[in-house]
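Undergrad: My request is simple: use the sequences and hints to build the entire structure.
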Amino acid sequence: MRYDRTGLQVLDETECLRLLGSVPVGRIAFTHDALPAVQPVTFVVHEGAVVFRTREGSKLAAATRNAVVAFEVDEFDAATRSGWNVTVVGRARVVTDPDELAALAALDLRPWAPGQRDRYVQISVELVQGRRVPGRSRV
Numbered sequence: 000m001r002y003d004r005t006g007l008q009v010l011d012e013t014e015c016l017r018l019l020g021s022v023p024v025g026r027i028a029f030t031h032d033a034l035p036a037v038q039p040v041t042f043v044v045h046e047g048a049v050v051f052r053t054r055e056g057s058k059l060a061a062a063t064r065n066a067v068v069a070f071e072v073d074e075f076d077a078a079t080r081s082g083w084n085v086t087v088v089g090r091a092r093v094v095t096d097p098d099e100l101a102a103l104a105a106l107d108l109r110p111w112a113p114g115q116r117d118r119y120v121q122i123s124v125e126l127v128q129g130r131r132v133p134g135r136s137r138v
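In numbering that gives the first Met the number 0, the protein residues as written are 0 to 138.
Bear in mind the hints are in silico, worked out from the structure with no lab data behind them.
Glycine is no exception: its CB is placed at the ideal position from the N, C-alpha and C atoms.
Be a bit skeptical, because a hint or two may be false.
[Said to hold, decoys possible] Pair by pair, the computed Cβ-Cβ distance ranges are:
1) Pro39 x Leu126: 18 to 24 Å
2) Ala105 x Phe75: 31 to 37 Å
3) Met0 x Lys58: 37 to 43 Å
TA: Now the structure itself:
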């Protein structure tokens, strides 16, 4: 096991990818009108990429067209003061290929937000890193 200078465990790529697929909601960080924005989305990991659905015409659909974005997932336990986080950086693209769309439509990817979410966005996993916070007792 490796630890960073602050005492957090550095997760290897295999563990990061396992944890990435273990939670249903992540946060996408993107640029909107030249400002940083973060939005939670339901997602799945499919063929090594992060996939989520959004609405055509939304700021998220527009901002993620062929843009480099960050995607973060985490899980923390306040009682044990432990947890982990994983961050992915990659290029986002709106999926338009009919064969890819058919494969994605077969996935169990149901957005929690109300309304039509007819655009699939895929984020390639180009950089991935993660940290684990070891549990500590409360003082």
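Undergrad: Each hint: holds or not?
TA: Hints versus structure:
| no. | hint | verdict |
| --- | --- | --- |
| 1 | Pro39 x Leu126: 18 to 24 Å | 21 Å, holds |
| 2 | Ala105 x Phe75: 31 to 37 Å | 32 Å, holds |
| 3 | Met0 x Lys58: 37 to 43 Å | 40 Å, holds |
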